[in-house]
Amino acid sequence: MSALDSLYQQVILDHAKARHGDGELPDADAEHFERNPTCGDEITVRVRLEPGTDRIAGLAWQGDGCSISMASASVLTDMAVGRTVPELLALTEEFRTMMRSRGAGEPDEDVLEDLVAFHGVSKFVMRVKCGMLAWVAAEAAAREATTRS
Amino acid sequence: MVTVVAPNQPLTESEVEAIKRDFPILQQEVNGFPLAYLDSGATAERPRQVLDAERRFLEHDNAAVHRGAHTLAALSTDAYEDARATVAEFVGAASPSEVVWTANATDALNLVAYGIANASRGRGGPDAERFRIGPGDEVLVTEAEHHANLVPWQELAALTGATLRWVPVADDGTWTAEDAVALVSDRTKVVAFAHVSNVTGMVAPVSAVVAAAHAHGALVVLDACQSAPHRPLDVQALGVDFAAFSGHKMLGPNGIGVLWGRHELLDALPPFRTGGSMITTVTMEHTDFMPAPERFEAGTQPVSQAVALAEAVRYLQGIGMERVRAHEEHLAERMLTGLAAIPGIHVVGPPAGVPRSGLVSFDVDGVHAHDVSQYLDAQGIAVRSGHHCAQPLHRRLGLVATSRASTYVYTTEQDVDRFLTAVGEVRGYFGATA
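Residue numbers (my numbering), protein chains in the order written: chain A, 22 to 170; chain B, -3 to 430.
Be careful, since some hints might not be right.
[Claimed, not checked] Have a look at the derived ranges for each label pair, beta carbon to beta carbon:
#1 Ala166/B / Ser23/A: 55 to 61 Å
#2 Arg40/A / Gln387/B: 20 to 26 Å
#3 Ser23/A / Ala337/B: 25 to 31 Å
[As the list claims (entries may be wrong)] Which chain A residues face chain B? A few, computed with CB under 10 Å, are given here:
#4 Phe54
#5 Asp85
#6 Pro107
#7 Val137
[Unchecked claim] 20 Å max Cα-Cα, derived DMTMM-like pairs, lysine to aspartate or glutamate:
#8 Lys144/A / Asp373/B
#9 Lys38/A / Glu134/A
#10 Lys38/A / Asp361/B
#11 Lys150/A / Asp26/A
#12 Lys38/A / Glu85/B
#13 Lys150/A / Asp85/A
#14 Lys150/A / Asp373/B
These are calculated hints, taken from the structure and not from any lab test. Quick reminder that beta carbons are idealized off the backbone N, C-alpha and C, glycines included.
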């Protein structure tokens, strides 16, 4: 596989087009805006919890960015809904560790699921922030949602 | 055999190949391909002559300037001032003392903005009164400015109570002399704009804006970052009051830039940074400042960088700035023609047939600029992606980011053709053609 193809795995290209979760979220408990000032990519992630719990009932986002950042937001939506906030924060830490690995190690597919497709991105240091953007926003929105509910 | 070449003739392919051989960094492969460096608008590469000049200076002459009586101090001071004279002549300054060394163009523009802010607070005495601005006064920029020529003026307005106004751009990112002149009035105290846009490549209608500004007593500050390296620049012929540019964009080092200013203005403008080397008398209560340019050059100076920048200027003069311009306009034409033939590519900037510099920014349908740049990089082609430090312009164009290919003296037609071929493949790779 070429270096370019290892960056742009088919899973990433597919998610970048599908954009799961792209849109409004009625009755959101919290939202958070993140911007990558170096490239201008931006995203707002909104989170809604099941009433009286810390389980994520809904997550949606609106943003504009490169295929890596948009695909990452799409995968986030698939993986976040149904998890508790502590579970999402733990998963975010796992993802962050992989994204900072510079391509080292073997990511755990049982834990990271579709996120393993981003392992190749970790070799491109200029693109790591693109991959993390939606997750950093979700982290903040999820934390805030728990303090409000 | 001596061949006579018209001063405005584009470089021949063999001339460009010879120039390219002077640049060690361009002799390498990147990602398995010969490097096609199309990001000179961000920073230019340096020829062996410039690298050698800096090394030669550091191996033989280096010392702090304008202090000390030893031999190296004298050699360094001479080299430093010779470099100033070389740059002064290059831009058509009336004298070397009109050239102030700065860290870069951003630093130079801040020097003017904060000098005016200091004058507006009463610093600089009666001579500086001419710079004073406040509530009711206006600073005029354009919507197309690089942040370096926008944010310092926003800050100046915020510090003084003056109002920042801007010339709006059209849908292609350009603005006209008429639009600018219409906004100039007796309230206008400063007009600041780029000679050549770093995004659109538009060449500003300098003389018309200068005429209007001066008719109303306003100062004109020219961001010459994308013009000084790429075309003949004659600050006196343009009639502006200040001009700023960076060494690293014109084959020279980082950490050295230039503020040119009309002498009587520089001598009256209060300093922005204060400290050693810029004073005549210091007591515990008060300090008298040197005249320009020293009043703006506080602290230990970047001497080897100035020496190397002068060598870069001589290198460019050896080619001839008219020929540099002709070469880059020829390459820009080749890029524009090639991009026009690729479906889904939208070029920002002046329409075909209108003069523009040798850079082209563009948007690709369905593919983000970052992905475009990454795809090209895999083939050893370096282009810029992002907002190019011009967020308001991109917002106005309805774009988060664009890709930009920018040329210089070492850019070959082959570089441009490889770029065009790769851009032609991008939408297919990312599935954006469906």
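List, from low to high, the hint numbers that the structure doesn't satisfy. 1, 4, 6, 7 and 12
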